[in-house]
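Engineer: Chain by chain, the residues run as shown.
Number of protein chains: 2
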Amino acid sequence: MDKATLLYEGKTKNVYVLENGHYLLKFKDDVTGEKGVFDPGANNIGLSIEGVGRKNLRMSVFFFEKLEAAGIKTHFVRSDLDEATMEVLPAKVFGRGLEVICRRRAVGSFFRRYGDYIEEGASLPLYVEMTFKDDDRDDPLVTRDGLVVLGILSGREYDVIKEETRKITGIIAGDLLEKGMELYDIKLEFGYHRDELLLIDEISSGNMRVYKEGKYIEPLNLSALLFA
Amino acid sequence: MDKATLLYEGKTKNVYVLENGHYLLKFKDDVTGEKGVFDPGANNIGLSIEGVGRKNLRMSVFFFEKLEAAGIKTHFVRSDLDEATMEVLPAKVFGRGLEVICRRRAVGSFFRRYGDYIEEGASLPLYVEMTFKDDDRDDPLVTRDGLVVLGILSGREYDVIKEETRKITGIIAGDLLEKGMELYDIKLEFGYHRDELLLIDEISSGNMRVYKEGKYIEPLNLSALLFA
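Residue numbers (the UniProt record's numbering), protein chains in the order written: chain R, 1 to 228; chain B, 1 to 228.
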């Protein structure tokens, strides 16, 4: 690869700056979880599994290319599977990182929060919510009005990101459905490259919950089913 | 008082049904807090203080009458200070109780959630948010879209309650300001009486944070300053 400078060491990826100004994401074999069990919703590194980085890269590239083909703007430039790297456009994130979650069914933290009002697994009509990346505060939920008063997003930006998220989720859910799987929820991230809003980060087993015939697909098994 | 049937035993009030169909709120001398210290944001009963019930009733009546005079619809009918009771219109709450919070400054749980993005005590432009009354889940925040997908409020109802909350908060903040005090935040509750949206519950020291010359006014001292 080009001469690259380490910019940020993440839990599952390192980020480098390339000489052309692009970023290089190096996918690691570390996955989040608790006590050795993979849990995409967890905030800690739970274990390391040989080959996971490449699998997540391959899945990300697959979805980024599919989304680009559908007219969605993403940060994806090119990938190198052998090196487990993805070259992307540099982007400015919102605050210290804003996660945009689209839920098609009530599981995970949504069900933990609102279990008084909904059955686990009940359908949600592409419900979108945003949380701050903040491990110390357990990724707090933030409303549209909250993002506005905190100066993170304008109301208009919130609405655009919400609609884009629903479009993206629809495309990914549609692809999984063709392969006999159902997307329950997905976590996306957006940023600005110059004045353009882009889908950034990765799109892989660690960012989504997928079920098949009502049974949860362990993230480590998703890749095999997707590329069967 | 009329023949009354106990409907609900609350932390700081008991609710009875009267023969005329109205509810009777009996204010108790118990206040929420932790380890013997009064904290309006706490979910547990911390201590019992002689006369607190009557003081909170008097303050509630004062604000309900002021709000009614300004055209706000409330559940208030009449009060009996000696008995520490308030007669109100019966109202159907949202879900198992929805708290509507209006914040003029970033303190309390808002600052705890978003401390990465705002200074403690910074001004907020009448920011409104809603949380479910759910002690076990620590009163979870819920967005406009969340309330819609859970079937608790329509988007239109959310917008009406938000605007009504800002109006009410403005009136209460204005009254406190005339008396040299500043309202930082307030927690309201709404319900339907037949088809009419009403401000319900109480409006007292336990529902708001008030400061004077930058110093927090202990809830137990608010009444004396308000009626000085």
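Hint data in this document are derived by calculation from the structure and do not stem from the laboratory. Every value quoted in this text rests on a predicted model; they were computed, and no experiment measured them. Glycine is no exception: its CB is placed at the ideal position from the N, C-alpha and C atoms. Each hint should be verified, as a subset may be incorrect.
As the list claims (entries may be wrong) - Residues from chain R that face chain B, not an exhaustive set, calculated with beta carbons under 10 Å:
| no. | residue |
| --- | --- |
| 1 | TYR127 |
| 2 | GLY146 |
| 3 | ALA173 |
| 4 | GLY174 |
Claimed, not checked - Away from chain R, derived, C-beta distances all over 12 Å, residues of chain B:
| no. | residue |
| --- | --- |
| 5 | GLY71 |
| 6 | PRO90 |
| 7 | GLU157 |
| 8 | LYS167 |
Engineer: Check the structure against each numbered hint from earlier and tell me which ones fail, lowest number first.
Structural biologist: 3 and 4
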